[in-house]
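*Asks:* All chains, please: the whole structure from these sequences, using the hints.
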Amino acid sequence: MPRTERVAIIGAGVTGACIARVLSMYRNLEVHLIEKEVDVGWGSSKANTGIIHAGYDDDPERFPVRARLCSKGNALWRKAWTKELDIPADWPGDLVVATDESQIGALETLFERGKRNSVPHLGIVRDREELEELEPNITTNAVAALHAPSAGQLRHPAEAVIGVAENAIINGVRLRLATEAIGIEVTRGQVSGVKTSRGRIQADWVINAGGLYAEAISKMVGVDHFRIHPRRGEYLLFSKDAYPKTERILFPTPTETSKGVVVTTTMEGNLMLGPNAQDLSREESEATDTTQAGLDSIWNEAQKVVKALPPRDKIIRAFAGLRAEPEPSADFIVRAYDDVDGFINAAGIRSPGLTSAPAIAGEIVAIMKDRGAKLVRKRRWNPYRRRRKAFRESSHKIRDRMCKQNQLHAKIACQCELVTEAEIVEAIRRGATTLDGIKFRTQAMMGDCQGSFCQFRIAQILARELNIPVWNVTKTGSGSEIGIGDITVLVERKGEKEA
Amino acid sequence: MKKVLSDVLVLGAGAAGLAAASKARELGAPNVVLLDEKEEPGGVLPQCIHPGFGLHYLKEDLTGPEFAIRLFERTRSLGVKVFNSTYAMELLAHKGRRVARAVTPEGITEFHSKTVIFATGAREKNSFEIGIVGHRPAGVYTAGEAQTMMDLHGAMPGQEAVIIGSGDVGLIMARRLALQGADVKAVVEMLPYSGGLARNVQQCLFDFGIPLYLSHKATKILGKRRVKAVEIVKVGDRLEEKPGTEFEMRCDTIIVSAGLTPRVELLEKAGARMDPATRSVAVNELLETSIPRVFAAGNALTINDLVDYAAMQGEAAAKSAAGLTQSRRLSSDRWRPVVKGRNTRLVVPQYVSGRREVSFYGRVMQPEEDVYLKVPEIEVEFRQLRVKPAEMLTFTITSKEFRKLKEGKITVTIEPKQ
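Line by line, the protein sequences give chains S and Y.
Using this note's numbering, the first residue of the first sequence is number 1, and each one after it goes up by one.
Using this note's numbering, the first residue of the second sequence is number 1001, and each one after it goes up by one.
Take these hints with a grain of salt, some might be off.
Residues from chain S shown here face chain Y by an in silico Cβ test under 7 Å; the list is partial [stated by the list, open to error]:
id	residue
1	V186
2	Q190
3	D289
4	Q292
5	R317
6	S394
7	H396
8	D400
9	I487
Worth flagging that the hints you see were computed from the coordinates, not collected in a lab.
This one's a predicted model, so the numbers in the text were calculated from it and none came from an experiment.
Backbone N, C-alpha and C fix where the C-beta goes; we use that ideal spot for every residue, glycine too.
*Replies:* Have a look at this one:
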């Protein structure tokens, strides 16, 4: 039996969580997953379309890593991971819509590329009737479309990261939340540990899955061959009651920088538009704010691929996320370095990062083996993770039984999404400590009222379960408290000042 | 699954629902069932600790909780069966069946009824629905949400607040926050006039020295984790933003009070005809929806200025429902549409028979002075010294006046003085 080696993965986004899960298969690895936030998946992983791309976008000449890993990742999610981990996903397929004869050449390029990247069942559809049949809401200007049946979408990408991380933990990975990596120790050309905001973690391997912060982390060991800047994408989400929707994931014909504004209907039945692509400066890694100009541009772009959009007053949320865009090359950086033994970058994981993440994890194992790691598979590795069947997804008969088994199911916490108090408590038991943590585990607060009815009720449940005053409940961790104290707090403060 | 039968099933125990349930019993409906999602009845009334309730309906000035208690005591003494902590998930209204499926503390229950009154109230528009951009931090609340926090659960949301929208709940929350020692920096209103009642502007803002920024729009929320500031811009007559007038106002709390949307999703899903003007169901003078024997009242029907109107609509719906349960056939009427004329944003009911007295509720689009509210088809007119979108118009047309009506529609229109 080879000696146990310690692995520290920095960043519990989808990349870090997938790497942790795959490394948890080996009995001689002790895996630590380090995350600065109080929950997993809160960086780039949280705010995106959730699409599992087919893999025809990435030019194998220019972006060989992306080209290799995207379709592989798609197959892993589709055939194994979503099933093993009980992650809600559907596979409606996508259409890249050409609205002009001049764009057909671009579709053909994508088609050829897709073939080279091993994307299954690709086709170009030119027949109007067939286009209508694939997508009744396709624009009347459509002259052709690339059809990729293997494309799909996760219900929510943050929910997927939770699923992956839960399974990694079942298999022995140690998740360290609210722990920020502040330095990496290198002893005689070999990594030896990670300095964190909560003490030192000894490590023989350090894997950088730091997303927007991957450049800074890489520089901690002197590896400085790339830059990361945030590329913002904004999104609009409609009410479930808003029509028309779409049957498939619709893309415009892509441009150099972006796949363009997607029009898709989420698994929950909300039409979603986005993202745009705004390159921000490297200092703006927290700039997940939406802009009027950006949202207007999405609205305008989206019109180009569909016949009609629902009325704009049916929008229930606008949000933005940041992709970690690498330079000089826009390819993923998944590699080790001879002069810093044990350090591996999984950096520049921009789109299609969510799709590729399970394949990136496989790549990391190959790199470790290549660098001499003797990895021994566990005899009993548990590939599965189960969600409780949600009240909202159950028949009335099952719901009735659930209420009788647990009184807290009879208390509806979130009315729009029909989430019960029992489910909120279960989410807290499984690790949620914040309102956003509850949201991504239960769908609560994602409906038409966006939490204005239920957020405080849910905060009260959190307060009760965590044994804290309700005003100390946070949306996203320290600094995001929902209140400042008891109702008399300011009056008393004034009284004290006067006295 | 448990089954409960009734003659009149009322959904929602707010002002409209409580009044409806009581009235239905008083008019002789034997079996009246009232469902409510909260643990205590009253809808939003228990959190409205300010006075001003009941002036018309009870001829007394009460606080919200007092008004709720009065209504509920009447309901209880009349033997209405009340199901608290009961959330209706679904309304089945095909063929003869009128069934609400609900989660109750005992599990899922099917409520079968001859008639149904929807008094499910409204929900507030949130920051996304009013198109405000920027971050999505903690510290952004709707007015009712902040009210719940403070006055039902004793939690202080923040110390420097900006109120977006000058609807009544927002005005009342401005005062409420100020009374608890918060610095209320401003109430920001896009329109050149307040969206609330004149008495509230005076008593809630001016008496407390809270500035009202008319023709200003809150455009952007700043602060990644907790609100740090809000960006405000001046707007012109057509609500267009005036470039160069943007400024930031520091605050840790944003209260959105930008109007209400009726909660009638279950009715919409059941196929009831909708009126885009009210964002709710269209009803006839019996307050009956396009689904026969299903009625709507209160804020679920149309957003009311005064709780008194909601209660009165509840009673009107109960009168129709109780009448039906005693098998007087009312639905044989031919319904004529009520058309909106000049400066008329909405009118309820949307259909009339012309055979009985009708109480109308309406709203204008623009403020105007010295105008006439007219129904030209029957030569009825009411002089109005002042009309404002924030103030609901109420008027009654008697069956005698309706006698002049020939075929076709009636029009409700606001006309300037000749």
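*Asks:* Confirm or reject each hint.
*Replies:* Hints and how they fare:
no.	hint	in the structure
1	V186	violated, 33 Å
2	Q190	violated, 37 Å
3	D289	holds, 5 Å
4	Q292	holds, 5 Å
5	R317	holds, 5 Å
6	S394	violated, 10 Å
7	H396	holds, 5 Å
8	D400	holds, 4 Å
9	I487	holds, 4 Å
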